[in-house]
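Sequences and hints are given; from them, build the entire structure.
Chains A and B, in that order, give the protein sequences. Sequential numbering from 1 applies to the first sequence in my numbering. Sequential numbering from 403 applies to the second sequence in my numbering.
Among these hints, one or two may not hold up.
[As the list claims (entries may be wrong)] Interface residues of chain A toward chain B, partial, derived using beta-carbon atoms under 7 Å:
{"hint": "1", "residue": "ARG32"}
{"hint": "2", "residue": "TYR109"}
{"hint": "3", "residue": "MET354"}
Everything labelled a hint here was simulated from the structure, so no lab data went into it. All of these numbers come straight from a predicted model, not from anything done at the bench. Beta carbons are placed, not taken as given, at the ideal position from N, Cα and C, and that holds for glycine.
There are 2 protein chains.
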Amino acid sequence: MFKGALPGFRDFYPQELAERAFIMDAWRDVARRYAFQEYDGPPLEPLDLYTKKSGDEIVGQLYNFIDKGGREVALRPEMTPTVARMVAARANALRKPVRWFSMPQLFRYERQQKGRLREHYQLNVDIFGSADIAADAELVACAIDMMRAFGLTSSDVVARVSDRRILRAFLESLGVPAQSIVGVYGVIDKIDRTPRELSAEKLAALDVPAEAIERIVTIATVQLSEVLARLASMPALVHAEEFGRFMRYTAALLGGDASWLRLDLSIVRGLAYYTGVVFELFDTSGEFRAICGGGRYDNLLESLGGADMPAIGFGMGDVVLGELLRAKGLMKPESTAADVWVAADEHTPLESVMQEAARRRASGQSVEYSLRPQTMSKQKKAAQASGAKAFVSLPNDNASHG
Amino acid sequence: MFKGALPGFRDFYPQELAERAFIMDAWRDVARRYAFQEYDGPPLEPLDLYTKKSGDEIVGQLYNFIDKGGREVALRPEMTPTVARMVAARANALRKPVRWFSMPQLFRYERQQKGRLREHYQLNVDIFGSADIAADAELVACAIDMMRAFGLTSSDVVARVSDRRILRAFLESLGVPAQSIVGVYGVIDKIDRTPRELSAEKLAALDVPAEAIERIVTIATVQLSEVLARLASMPALVHAEEFGRFMRYTAALLGGDASWLRLDLSIVRGLAYYTGVVFELFDTSGEFRAICGGGRYDNLLESLGGADMPAIGFGMGDVVLGELLRAKGLMKPESTAADVWVAADEHTPLESVMQEAARRRASGQSVEYSLRPQTMSKQKKAAQASGAKAFVSLPNDNASHG
Chain A
1 MFKGALPGFR DFYPQELAER AFIMDAWRDV ARRYAFQEYD GPPLEPLDLY TKKSGDEIVG
61 QLYNFIDKGG REVALRPEMT PTVARMVAAR ANALRKPVRW FSMPQLFRYE RQQKGRLREH
121 YQLNVDIFGS ADIAADAELV ACAIDMMRAF GLTSSDVVAR VSDRRILRAF LESLGVPAQS
181 IVGVYGVIDK IDRTPRELSA EKLAALDVPA EAIERIVTIA TVQLSEVLAR LASMPALVHA
241 EEFGRFMRYT AALLGGDASW LRLDLSIVRG LAYYTGVVFE LFDTSGEFRA ICGGGRYDNL
301 LESLGGADMP AIGFGMGDVV LGELLRAKGL MKPESTAADV WVAADEHTPL ESVMQEAARR
361 RASGQSVEYS LRPQTMSKQK KAAQASGAKA FVSLPNDNAS HG
Chain B
403 MFKGALPGFR DFYPQELAER AFIMDAWRDV ARRYAFQEYD GPPLEPLDLY TKKSGDEIVG
463 QLYNFIDKGG REVALRPEMT PTVARMVAAR ANALRKPVRW FSMPQLFRYE RQQKGRLREH
523 YQLNVDIFGS ADIAADAELV ACAIDMMRAF GLTSSDVVAR VSDRRILRAF LESLGVPAQS
583 IVGVYGVIDK IDRTPRELSA EKLAALDVPA EAIERIVTIA TVQLSEVLAR LASMPALVHA
643 EEFGRFMRYT AALLGGDASW LRLDLSIVRG LAYYTGVVFE LFDTSGEFRA ICGGGRYDNL
703 LESLGGADMP AIGFGMGDVV LGELLRAKGL MKPESTAADV WVAADEHTPL ESVMQEAARR
763 RASGQSVEYS LRPQTMSKQK KAAQASGAKA FVSLPNDNAS HG
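Have a look at this one:
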């Protein structure tokens, strides 16, 4: 007897496939309206594409093996190395800025936990080759417009946005020693899941002055006006001013609606590779993990040995988003049932039914019918069970009608 | 510096992705009109799912490995074992007949040859749970309607159809010894790529009578009338009569157009698992490999330890089809360029451009614009390079128009 799928892998029966398609179609439609072009790469890549970016530690989480040609390979755990490789290969030929998106299935060998998946689909949207803050606004607005496309509002979802350069300057202005900055990032990254006292202890251990500790443990409440005031005499003021522009631009791209956006300096997004704006989308109830995360990573492509190109992007998975849509009653996949069931009495040749089906299919309708002559009541039952939206029966003079 | 993709794997830059989407969208549209429902399974499956069907020999062609949980796994080389597993798991709950399609990426470690791929996308369309010949007609008509959806005609493509049961009876009627039938299938399977003398020699070695050899080496020319005459007094006559119905049904489903169909008893499709109708689609020029192949496999699901359910299906890959469409000038992917480029003179605030972009995007247009203020001539050049279908510039009174 068959066993099921591997642990952590999903079978997509028609209902689940329709839900996956509902999400992907909306992603694709919004990405297209923002003039992003779809691309894809191989699900299997050379292993060193990933170790080069993330170090050898990542191998423990990969589906990696040696192929029959002796190559070390891995199922892709993320899309960035692939897209960096593809952009680097045509760096000169590609029109800049490169506006690309993709919806790859990604794979990680996670420790087995209830409901923990080892694959998911992740929308990746990136702009390569523009250092302009308008590119950052385009990305954040695009992510938010996807929420709107699903029927979510700013009461459901908030975009928490920050900027690495502002956070650094803000911490410096508070008197955090330069050698402690990276350590403090680590504390801030976990600050909303850590008891306040514990965060304070950790900050003290990093030689953060007491007054600064008080401000850092509630750093999520810092407003842009406070940032501007604190950085007034620092060179980083330009970044804070640029961030203000970024917020106005994003609102403009949302048709003037700034209600989705919240400055939140506690958004760090890990320790590595982000160089400017960073952002995450969360449900306002705080019930789910992040829906989406991204930011500017101007040095990554070059550090991977690729093109020296500024870049900003985000990823959005299908799993958390799907959970949120279901919780809000907004998961509305298209029906997979036929438009029409064509029937005829059992003495009518099947060919007449088929000709009618052919005519309707040619005009774009989806049509099902009984694959053998049956009584009308059996056909009605079958049609009902199928969920077909309409039931059409041919006249019983053995002729078909149009 | 980056190396490229693994040998035999494709990168899909936007142009190639658009061609892939052109093929897949047409597949999906026709499958939907025929009331097939889309499903998908994991690209990684337990290795024994494949060895159970194809024996241990297949392992040499697989991307197989041991995962971090000690499981023997493989990237899927075909979809049938996955769909058999999925149908078996819900055999009782699923409405019959099950009409499903899928478009999985499949993987095989082929010996490296110029242009030989190690992955491709393959449309799989199947009906499970119907032994009716109308199901066979639905499948063949669906495959042919896909050709029509691409703009191909019966001058470009022919469906060569046969039936295993008829072939067997026909060979028996010619006096082929029962113990030679399977060997003769093997000769017939290669008959159109083998010199006639060599085929004749092989048949003689299988104790096929001289007169029968003469008919078998030109078996592709056998007409249904000849089959009916030869099988007149045999029990297999019912299969020949049913095959006649199958041909009429398929034509009815094509709106009365039988020109796509040709009985061709030389279509064997390997030696294993097909039990009735078998078919392949070929370009009439004979330039390309088969576009599509399939048939009835009523015993496979049960033999794999799954549900005892009749089944018929076909597979159609993206590679040969893509080559054919390109050769015929019928590869017509949608443009990936934006609908509109919005511009404004360099003194207009970028926010005005963004508001205009937002308005147009909200109405469904895809919109691009320069991410920094630029001279009008620079913006025109950028728009032109992007291929945008229209160029709209805001009036230079700093107001945006609708």
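Problem - Proposed interface contact between MET354 (chain A) and chain B, which counts if any beta carbon pair is under 7 Å - result: holds (4 Å)
Problem - Residue hint TYR109 (chain A), partner chain B, criterion CB-CB below 7 Å - result: The hint holds - TYR109 (chain A) has a Cβ within 7 Å of chain B, the shortest such distance being about 5 Å.
Practice task
So, ARG32 (chain A) near chain B? Judge it on the closest CB pair being under 7 Å.
Solution key: Because about 5 Å separates ARG32 (chain A) from the closest Cβ in chain B, which is inside the 7 Å limit, the hint holds.
When the structure is compared with the earlier hints, no violation turns up for any of them.
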